[in-house]
Amino acid sequence: MDLTIVVLIQVLYAVASLVIISSGLAVIFGMMKVINLAHGEFMMLGAYAVIVSIRFGINLWVAMFIIAPVAVGLVGVVLERLVIRRLYGRMVDTMLATWGLSLLLIGVVTSIAGNTTAGVSAPLGSFTIGAYSVSSYTLVIIGVAVALGLAIRLVLLRTQLGLIARGTMQKPDMANALGISPSVVYSVTFAVGASLSGLAGGLLAPLTGVVPTMGGAFVAKAFITVIGGGPAILAGLVSASTLFGAINQVATFLTTPVLGEVALLGAAIVMLRLLPQGITGRFFKGTL
Amino acid sequence: MTPLIETRNLNVRFGGVHATRDVNFTLAEAELRCVIGPNGAGKSTFFKLLTGQVKPTSGQILFRGKDISNMQPHEPGRLGIGIKTQVPSLFNGLSVWENVWLSARRINSTTQANRITGETLERVGMEAHRKTLAGLLSHGMRQWVEIGVVIAADPPLILLDEPAAGMSDAEVDRTAELILEINRQHALVVVEHDMNFIRMIAKKVTVLHQGAVIKEDTPDRIMSDPMIQQIYLGKKPH
Amino acid sequence: MNRFAQSWVSAALVLAIGIALMFGLPGVMDEYTLMQGTIYAIMAILGVSLGFIWGFGGILCFGQAAFFGLGSYTYAVAVVNMGDSTVPFMLAIAVPALFASILGYLIFFGRLSDVYMGVITLTVTLILFNLINSTAGPEWKIGNAPLGGFNGIPGIPTLNFPGQVDKALSPGDLFYLTMSCLLVTYLGLRCLISSKIGRVIIAVKENEQRILLLGYDARLYKLFSFTLGGAIAGLAGCLFANWGAFTSPTIFSLAQSAQIIIWVIVGGLGTFVGPVVGCVAIQWLTTQIGTQQTFNSNLVLGAILVVFVLLVPRGVVPSLGLVLEWIWNKLKTKAMAENAACPQPLLPEVKFTAPSQTPSTANAISITKEQAA
Numbered sequence: 370m371d372l373t374i375v376v377l378i379q380v381l382y383a384v385a386s387l388v389i390i391s392s393g394l395a396v397i398f399g400m401m402k403v404i405n406l407a408h409g410e411f412m413m414l415g416a417y418a419v420i421v422s423i424r425f426g427i428n429l430w431v432a433m434f435i436i437a438p439v440a441v442g443l444v445g446v447v448l449e450r451l452v453i454r455r456l457y458g459r460m461v462d463t464m465l466a467t468w469g470l471s472l473l474l475i476g477v478v479t480s481i482a483g484n485t486t487a488g489v490s491a492p493l494g495s496f497t498i499g500a501y502s503v504s505s506y507t508l509v510i511i512g513v514a515v516a517l518g519l520a521i522r523l524v525l526l527r528t529q530l531g532l533i534a535r536g537t538m539q540k541p542d543m544a545n546a547l548g549i550s551p552s553v554v555y556s557v558t559f560a561v562g563a564s565l566s567g568l569a570g571g572l573l574a575p576l577t578g579v580v581p582t583m584g585g586a587f588v589a590k591a592f593i594t595v596i597g598g599g600p601a602i603l604a605g606l607v608s609a610s611t612l613f614g615a616i617n618q619v620a621t622f623l624t625t626p627v628l629g630e631v632a633l634l635g636a637a638i639v640m641l642r643l644l645p646q647g648i649t650g651r652f653f654k655g656t657l
Numbered sequence: 040m041t042p043l044i045e046t047r048n049l050n051v052r053f054g055g056v057h058a059t060r061d062v063n064f065t066l067a068e069a070e071l072r073c074v075i076g077p078n079g080a081g082k083s084t085f086f087k088l089l090t091g092q093v094k095p096t097s098g099q100i101l102f103r104g105k106d107i108s109n110m111q112p113h114e115p116g117r118l119g120i121g122i123k124t125q126v127p128s129l130f131n132g133l134s135v136w137e138n139v140w141l142s143a144r145r146i147n148s149t150t151q152a153n154r155i156t157g158e159t160l161e162r163v164g165m166e167a168h169r170k171t172l173a174g175l176l177s178h179g180m181r182q183w184v185e186i187g188v189v190i191a192a193d194p195p196l197i198l199l200d201e202p203a204a205g206m207s208d209a210e211v212d213r214t215a216e217l218i219l220e221i222n223r224q225h226a227l228v229v230v231e232h233d234m235n236f237i238r239m240i241a242k243k244v245t246v247l248h249q250g251a252v253i254k255e256d257t258p259d260r261i262m263s264d265p266m267i268q269q270i271y272l273g274k275k276p277h
Numbered sequence: 040m041n042r043f044a045q046s047w048v049s050a051a052l053v054l055a056i057g058i059a060l061m062f063g064l065p066g067v068m069d070e071y072t073l074m075q076g077t078i079y080a081i082m083a084i085l086g087v088s089l090g091f092i093w094g095f096g097g098i099l100c101f102g103q104a105a106f107f108g109l110g111s112y113t114y115a116v117a118v119v120n121m122g123d124s125t126v127p128f129m130l131a132i133a134v135p136a137l138f139a140s141i142l143g144y145l146i147f148f149g150r151l152s153d154v155y156m157g158v159i160t161l162t163v164t165l166i167l168f169n170l171i172n173s174t175a176g177p178e179w180k181i182g183n184a185p186l187g188g189f190n191g192i193p194g195i196p197t198l199n200f201p202g203q204v205d206k207a208l209s210p211g212d213l214f215y216l217t218m219s220c221l222l223v224t225y226l227g228l229r230c231l232i233s234s235k236i237g238r239v240i241i242a243v244k245e246n247e248q249r250i251l252l253l254g255y256d257a258r259l260y261k262l263f264s265f266t267l268g269g270a271i272a273g274l275a276g277c278l279f280a281n282w283g284a285f286t287s288p289t290i291f292s293l294a295q296s297a298q299i300i301i302w303v304i305v306g307g308l309g310t311f312v313g314p315v316v317g318c319v320a321i322q323w324l325t326t327q328i329g330t331q332q333t334f335n336s337n338l339v340l341g342a343i344l345v346v347f348v349l350l351v352p353r354g355v356v357p358s359l360g361l362v363l364e365w366i367w368n369k370l371k372t373k374a375m376a377e378n379a380a381c382p383q384p385l386l387p388e389v390k391f392t393a394p395s396q397t398p399s400t401a402n403a404i405s406i407t408k409e410q411a412a
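Protein chains in written order, with my numbering: chain A, 370 to 657; chain B, 40 to 277; chain C, 40 to 412.
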């Protein structure tokens, strides 16, 4: 019984992790159809923002929930204005340019911070279930993922920003006709996506070693989740994260963590072959 | 006589749009038919059904008696259905010669393909431009090259989507001549708006409106029909 | 310039230069520099493999390094087990080709778009990296060859002359072999794209819908290009394993795949010489950067990639071609103007309005095909 609960928590945790690391990408790809291959590096910047803030004595939670998202959001705005906006509609060129940005960011951070691994320990300790010990931070991650999902839904459905974003996504011309500049909407959307990536990076800082090249491990997973999810941002994010997260965790339990990763990647390829439009291209159509 | 093309209760729905409604359309071998209708009538959708780019929601499409309703995208071309699309679709980076040659070469040897390409370019009057890149041609010339590409494969059925669009009067006359000449050995379905052009080439016209066939008759009777005059928002005949 | 690039004259010229380099360089270079030349040539073959499938086939593979790596690992494992290197050499080409054909089948017959292709090829490279990286324990071996995990496989026996196990290739021999492979690949690909299959491959890239409507199964042609590209990359991998007598999982890294793409972008899509030029230039640049401390190589490469995508999307060689063509045209019209006693005759009434769907067609081979998601 205890084992079941622990397994369940781990599966939820895997799903939650995917939700968190993919949310920023889901917003950017879902809204703007921009493939941001620098996504991992946005996360890396968020993680470094937390590390640096800690060094300055700032509270961990403040660093994670405020400083990291804001800092990376600003970086996002700058990059969008300088590079991304010149490539709208050119999907492959965007992929290439953002790949270049990813290398650039790694290079810049390596030059400043060096190659050594920095880290911060997971807060809140652990609790026990029967004979098993579970990190309390795991529950934080699960909680944040749920909150994030609800927040995105709220913003998209209930706020003016969300409405404008959804409208512009469907018809950029209409936005113009309503007196709203699509380029402003895109800037804000990109910034929001970048902030979410920064948040994800900050949240992950206690869990992985923070090193300039850490982004690479997350980029593929995030992409697979977003593209596997399909056109509906939230429903796609949740459904794909659930599917892949569960497969990943179950495979890890049955074999090794490496094979768990492989299983996730393999499942993605199979799934895309069966559902080329992603999950919400076929199911849950028309939802958010 | 098995008809060349026969559709039975053909329906296509895209989301809420009923783009093709219960269309029963028959075409005999070497017949020439014009299809007209206002914008949104479903003409291009109809062509896409025939070329397999769109799958029917219900109903059947038969080509010489064989059901072709669910084909892979390259199969209609193999069977013998050629299409010149509304916006001329060519290989812009290849020369005029190569565009036509690729079409001829699929079913012929190199020597035969070379001969056929030369003859086809003569027929459509583009011999002089054989080395020009297709991307550099004017709109009218692109239409002719595309017609050449289509006929080089010698398909029994040729679909032409607005072959006279954007052409000068002289070019339109030439296109009409070309179509009649092609019609001696191939069936053609031509979508057009220019009623003068239609009168030059067609004996029978099918009128589409909101996805359904509402009338099939000779050009003169179609044009004197007040209902059609009212709904058809295209060019009025002079 | 494009006419020139496509003509047999340019092929003959390139071959002549290549042969001259192949026989001339060993005379002027010491063994160490010759080995540098060899690695440049190996990477050039790899670059050409991507230049072919991308520039002519329209397939942007984000994981070409996967086939490169498979080639090197296949050779290493096979030669350790078999001794004589003839079969391992062939396997090093066949295994990546087989892998490419399976992957290609999944992607092309599943009708996935460019975007998905990029993600899936990226993913596959990652899978391979993760898998091989974790094989460090002694229990991980194929036959007699331990896979070595993140340590890689050291001491890979060099290719020997076919049938003579004891007569291994010297570094000089390896240089000749590599250059020959490069030239044969170049010649082979040039012949291929002039053939019917080659024209269809290009047509699939130019306008897939049109080639389908003509009755050609585009999926088969893409599969063919992709498999051939994998085979060529595998060949490069095998030569690489011989060059350093070593291979490791970093060969599957994203960084390696990124480098290949950067070479092709910088050198230019649509030619075979372009990727070679890009490869040599970037390799040289990377070596130079490595010797100094100020600028990190990732930084420079990333900046180059961004700048090129934004400003020089066609790459060096075709852009040079455009510049040369522009100069040539200027000189021509200037000469005509000077010779004319009367005003220029009016051009015939044919309108040369470029249709909206065509990008600048001065370089006939268009670069990338954009598809809506």
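I should point out that these hints are in silico values taken from the structure, not numbers from a laboratory. Backbone N, C-alpha and C fix where the C-beta goes; we use that ideal spot for every residue, glycine too. Warning: the hint list may mix true and false statements.
Restraint-style ranges between C-beta atoms, simulated for each label pair [as the list claims (entries may be wrong)]:
# : chain 1 : residue 1 : chain 2 : residue 2 : range
1 : C       : K180      : A       : L623      : 50 to 58 Å
2 : B       : Q249      : C       : S46       : 50 to 58 Å
3 : B       : P77       : A       : K402      : 58 to 66 Å
List of simulated lysine-lysine pairs, DSS-like, C-alpha gap at most 25 Å [what the hints assert, rightly or not]:
#  : chain 1 : residue 1 : chain 2 : residue 2
4  : C       : K180      : B       : K170
5  : C       : K206      : B       : K170
6  : B       : K254      : B       : K242
7  : B       : K87       : B       : K242
8  : B       : K87       : B       : K105
9  : B       : K87       : B       : K243
10 : C       : K235      : B       : K170
11 : B       : K254      : B       : K243
12 : B       : K87       : B       : K254
Report the numbers of all earlier hints that the structure fails to satisfy, in ascending order.
1, 3, 4, 5
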